[in-house]
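Engineer: Sequence:
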Amino acid sequence: MNQDPIQAAIPHRPPMLLVDEVVEQDESRIVCRKTFRPDEFFFQGHYPGHPLVPGVILCESAMQAGAVLLAKFVQGTEGVPVATRLNEVKFKRMIRPGDTIQIEVTLQERLADAFFMQAKVTCDGKLAVRFDFACTIAKMAERERIGGGREARIA
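Per the working numbering, the sequence shown starts with residue 1, numbered consecutively.
Bear in mind the hints are in silico, worked out from the structure with no lab data behind them.
Backbone N, C-alpha and C define an ideal beta-carbon position, used for all residues, glycine too.
One thing to keep in mind: the hints can contain errors.
Here are the simulated DSS-like cross-link-like pairs (lysine-lysine), alpha carbons at most 30 Å apart as the crow flies [as the list claims (entries may be wrong)]:
1. Lys90 <-> Lys120
2. Lys90 <-> Lys72
3. Lys72 <-> Lys120
4. Lys72 <-> Lys139
Estimated spans, in silico, between C-beta atoms of each pair [to be verified]:
5. Arg85 <-> Ser28: 12 to 22 Å
6. Phe73 <-> Pro48: 36 to 46 Å
7. Gly49 <-> Gln75: 44 to 54 Å
8. Ala8 <-> Pro48: 31 to 41 Å
9. Pro97 <-> Glu21: 15 to 25 Å
10. Gln44 <-> Val82: 23 to 33 Å
11. Glu27 <-> Gly98: 14 to 24 Å
12. Gly49 <-> Ser28: 35 to 45 Å
13. Thr136 <-> Pro14: 18 to 28 Å
14. Gln3 <-> Gln75: 17 to 27 Å
Please construct the entire structure, taking both the sequences and the accompanying hints into account.
Structural biologist: This is the structure:
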């Protein structure tokens, strides 16, 4: 899957689009990849001379992969998946410029419009971060919809 289907599935756009490709997907699981280029905006200040991918960016990458997985549930609606909680976040490995992460997200349970997922991010086959998270489908007002270069905000 190239960037076009990813951008059709979720509202994120560069520089905050943090999924490069979908490697594998079924009804309850998705595997994605992201390569962190040396010119990513956050490396300028995190940390100068010793750049690291911020942990929150790793979590956001996984949640975006989860949003791609959930895209089938929001088709034909006016909503987008938004995070409601992160639990049991464990960072195990630092990710640096040039590293490629593999993101695996599994849908554990759905209760109405609440989705409970588990994420695992690896680099070179070694665990970088794992966590559980939940999200719901938030409705977007007319002026918040993405398109035509307009900015989006969640109500």
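Engineer: What hint numbers does the structure not satisfy?
Structural biologist: 11
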